[in-house]
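Residue numbers (our numbering), protein chains in the order written: chain A, 154 to 419; chain B, 7 to 451.
Mixed in with the good hints, there may be bad ones.
[Said to hold, decoys possible] Straight-line C-alpha distance at most 25 Å; calculated PhoX-like pairs for lysine-lysine:
id: 1; chain 1: B; residue 1: Lys217; chain 2: B; residue 2: Lys93
id: 2; chain 1: A; residue 1: Lys357; chain 2: A; residue 2: Lys392
id: 3; chain 1: A; residue 1: Lys328; chain 2: A; residue 2: Lys409
id: 4; chain 1: B; residue 1: Lys361; chain 2: B; residue 2: Lys192
id: 5; chain 1: A; residue 1: Lys294; chain 2: B; residue 2: Lys217
id: 6; chain 1: B; residue 1: Lys244; chain 2: B; residue 2: Lys153
id: 7; chain 1: B; residue 1: Lys92; chain 2: A; residue 2: Lys294
id: 8; chain 1: A; residue 1: Lys315; chain 2: B; residue 2: Lys217
id: 9; chain 1: A; residue 1: Lys416; chain 2: A; residue 2: Lys337
id: 10; chain 1: A; residue 1: Lys315; chain 2: A; residue 2: Lys162
id: 11; chain 1: B; residue 1: Lys445; chain 2: B; residue 2: Lys153
id: 12; chain 1: B; residue 1: Lys208; chain 2: A; residue 2: Lys162
id: 13; chain 1: B; residue 1: Lys105; chain 2: B; residue 2: Lys92
id: 14; chain 1: B; residue 1: Lys153; chain 2: B; residue 2: Lys166
id: 15; chain 1: A; residue 1: Lys294; chain 2: B; residue 2: Lys93
I should point out that these hints are in silico values taken from the structure, not numbers from a laboratory.
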Amino acid sequence: MSDSQHSFKYEAMTTEFEVIIVGQEQEYARQASGAVFREIDRINDLLNKYDARSDIGQVNLLGPGESIRVAIETLECLERTVWAYRVSGGLFDPTLGTGFQWLEIDRPNFSVGWKKGGKGEINLGGIGKGYAIDQTAEILKDWDVEDAVINGGTSTVLALGKNWDIGVGGPWGEKVDLTKVTLKNQALSGSGTEVKGDHIINPKTGKPARRHLAAWAIHPSAAVSDALSTAFMMMEQGKIEQLCRTEPQTTAFVVKQDKSLVKIGV
Amino acid sequence: MDMNRNHFIQTAAIAGTMLATLKARAIENAELSAKKNPDQLNIAVIGVGAQGRILTESCLRIPGIRFVAVCDIWNYSQRYAERYLKKYGHEVNVYEDYKEMLASETENLDAVIVASPDWVHAEHTNACLNAGLHVYSEKEMANTLEKAASMVHTAKTTGKLLQIGHQRRSNPRYIHAVETLIHETKLIGRVTTATAQWNRAKADDIGWPAKYEMDAATLDKYGYNSMTEFRNWRWYKKYGGGPIVDLGSHQIDLFEWVWGVNPSSVIASGGTDFYSHREWYDNVMAIYEYDTPDGMARAFYETQTTTGHRGFSEAFRGSEGTIEIAEVPQQGNSALREAHAPEWDNYAVQGLIKKVAAPIKQASTKNVAVDVRVTAAAGAWPLPIELTKPAHQPHLENFFNAIRYGTPLNCPGETGYETAVAVLAVNRAVATNEKIIFKPSDFHA
Numbered sequence: 154m155s156d157s158q159h160s161f162k163y164e165a166m167t168t169e170f171e172v173i174i175v176g177q178e179q180e181y182a183r184q185a186s187g188a189v190f191r192e193i194d195r196i197n198d199l200l201n202k203y204d205a206r207s208d209i210g211q212v213n214l215l216g217p218g219e220s221i222r223v224a225i226e227t228l229e230c231l232e233r234t235v236w237a238y239r240v241s242g243g244l245f246d247p248t249l250g251t252g253f254q255w256l257e258i259d260r261p262n263f264s265v266g267w268k269k270g271g272k273g274e275i276n277l278g279g280i281g282k283g284y285a286i287d288q289t290a291e292i293l294k295d296w297d298v299e300d301a302v303i304n305g306g307t308s309t310v311l312a313l314g315k316n317w318d319i320g321v322g323g324p325w326g327e328k329v330d331l332t333k334v335t336l337k338n339q340a341l342s343g344s345g346t347e348v349k350g351d352h353i354i355n356p357k358t359g360k361p362a363r364r365h366l367a368a369w370a371i372h373p374s375a376a377v378s379d380a381l382s383t384a385f386m387m388m389e390q391g392k393i394e395q396l397c398r399t400e401p402q403t404t405a406f407v408v409k410q411d412k413s414l415v416k417i418g419v
Numbered sequence: 007m008d009m010n011r012n013h014f015i016q017t018a019a020i021a022g023t024m025l026a027t028l029k030a031r032a033i034e035n036a037e038l039s040a041k042k043n044p045d046q047l048n049i050a051v052i053g054v055g056a057q058g059r060i061l062t063e064s065c066l067r068i069p070g071i072r073f074v075a076v077c078d079i080w081n082y083s084q085r086y087a088e089r090y091l092k093k094y095g096h097e098v099n100v101y102e103d104y105k106e107m108l109a110s111e112t113e114n115l116d117a118v119i120v121a122s123p124d125w126v127h128a129e130h131t132n133a134c135l136n137a138g139l140h141v142y143s144e145k146e147m148a149n150t151l152e153k154a155a156s157m158v159h160t161a162k163t164t165g166k167l168l169q170i171g172h173q174r175r176s177n178p179r180y181i182h183a184v185e186t187l188i189h190e191t192k193l194i195g196r197v198t199t200a201t202a203q204w205n206r207a208k209a210d211d212i213g214w215p216a217k218y219e220m221d222a223a224t225l226d227k228y229g230y231n232s233m234t235e236f237r238n239w240r241w242y243k244k245y246g247g248g249p250i251v252d253l254g255s256h257q258i259d260l261f262e263w264v265w266g267v268n269p270s271s272v273i274a275s276g277g278t279d280f281y282s283h284r285e286w287y288d289n290v291m292a293i294y295e296y297d298t299p300d301g302m303a304r305a306f307y308e309t310q311t312t313t314g315h316r317g318f319s320e321a322f323r324g325s326e327g328t329i330e331i332a333e334v335p336q337q338g339n340s341a342l343r344e345a346h347a348p349e350w351d352n353y354a355v356q357g358l359i360k361k362v363a364a365p366i367k368q369a370s371t372k373n374v375a376v377d378v379r380v381t382a383a384a385g386a387w388p389l390p391i392e393l394t395k396p397a398h399q400p401h402l403e404n405f406f407n408a409i410r411y412g413t414p415l416n417c418p419g420e421t422g423y424e425t426a427v428a429v430l431a432v433n434r435a436v437a438t439n440e441k442i443i444f445k446p447s448d449f450h451a
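Here chain A stands alone, though its shape is the one from the complex (with noise of 0.2 Å):
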């Protein structure tokens, strides 16, 4: 055993992942970083809607009263873009507002497919990473890896294992003293408007999402937390701290316009 920490790097997604792990000699943090890049490729091969032969490819493809059969994956990662469709009161949209209320997800058929009366275009960009590196998380607990941080390309971390202090970061944060957050079996997921300009749609508007400056969301999934602060930069404020009541394991960090930080569920 090794106290070093280890550091490997990844593209997919069109992002970079980065697994570093701690506790582990290089050569297995290798090799455990290794199964991790492929599983994330695993599961982008069901999730990319720019390739037909994907899942939400097909179910894209799809017309209004079909539906096909999909990865187990694939149903659980739209399972959980349904739940955070409806807590964010439709702000979380896959689709931008062409048409997620149409979908069908039939669990016992194992089947995904749109209602007779619509359709939609699903874009999982904003929960795929997420879940991406939930599902790694699995992979590392049969490597006996405690230890180790998961980096969807530094808008979603998962963090497992001891106590990681994690750099928040972005201009937003150091404008308000927010530079970093301890998370253990936790993900934290940020969404600013300076990083990448405006790059959050809102569904209802079809404009860009400017209700907030930046928002951060904190969730034991890293699905969750990436759907989150995508739908915090669109939630009022009053909406954000009803979610985290409900869902109590929430937390939520929200620059407002006139640039003061509201921390929420901590």
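We have chain A already, so just place chain B on it with the hints.
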């Protein structure tokens, strides 16, 4: 497959009609139809490593397929497969030894998927066929021709179906490109040359979770020298054929499909130049000659494991144009017309190709392999057919339809053997540094 049938497959409604016809035929063909219940085929998988899992995931999408058993010598893979299938409500019996599985499960089974390492495909396949079960065996059939031939013979003597996992043979995109565009329409004229490559960035050995390390006795019982060799078997001569076989076989198989003849010769160069601890060649370049009815044709193939340059794709180059294709359409999915060739607009009107693409729009993404929209280069005519399923699913469906309805296999053992002859010869050509000349009789098992 003729063009009409390909088009049938693309249309779900008409495909339903086709299925009804096939069901009618199945009644006449009772011998081939499932012995237990034609609506539900009971299957087992031998070997649930990386490839076995891909095939398992595809089978789970096909209606009427029921897993009853899985077999793997490694308890980590057993555990993974058992838990994964349970999520879908498939309660399976788990075996370490395929002989015990066949002894207990044969009566419950219709077919077996063999996805073990190459060197035991023949042992597993022959045992299943002899037990009266149909077999889908992964390529390469074997790492020696003797073993590959034994599979063809066993399928023949038992009368059971043997499908070899060259899944491009059932891919509607490839069927359209090869059979409709090249053979029937003669879109690219006489195909004089082909090139194909599968290049991968350098990669370290694959490991294993410490608590799932197999003990020496178990490894020895099943013939593996070490856990490292078991996990990285593709690189060792005892178990596999190296990258030219793992990767090249899929694409070299296409040359015979396009030209309709087996190669007449092959020369090759390669070596273990980068990974000194591995046995098989980490880079190979080969040139085949095909003595076609239209004249001599040549194909260049390379596989690299130290550079991902050009990824994987195939190009069939003819006197009137070229078809570039790849299993992942983003890496190849178009026809390119030679400047002197007659206009192709009429083919686009007929839907055989899509209208020529507008100048390329640069996608702003780092990972070209997974996330670029299908944007063909300017002057390229995109192929019109998409595969909207995981890559292996149509080939498995073809296998199950053969069991249920007696439809022909797209890659029966005989065809898989021809490819094995062509591909395994490359390693011999590298080792001897000599041109290998094939006789037509070499391709008969």
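**Item:** Unsatisfied constraints (hint numbers, rising)
**Value:** none
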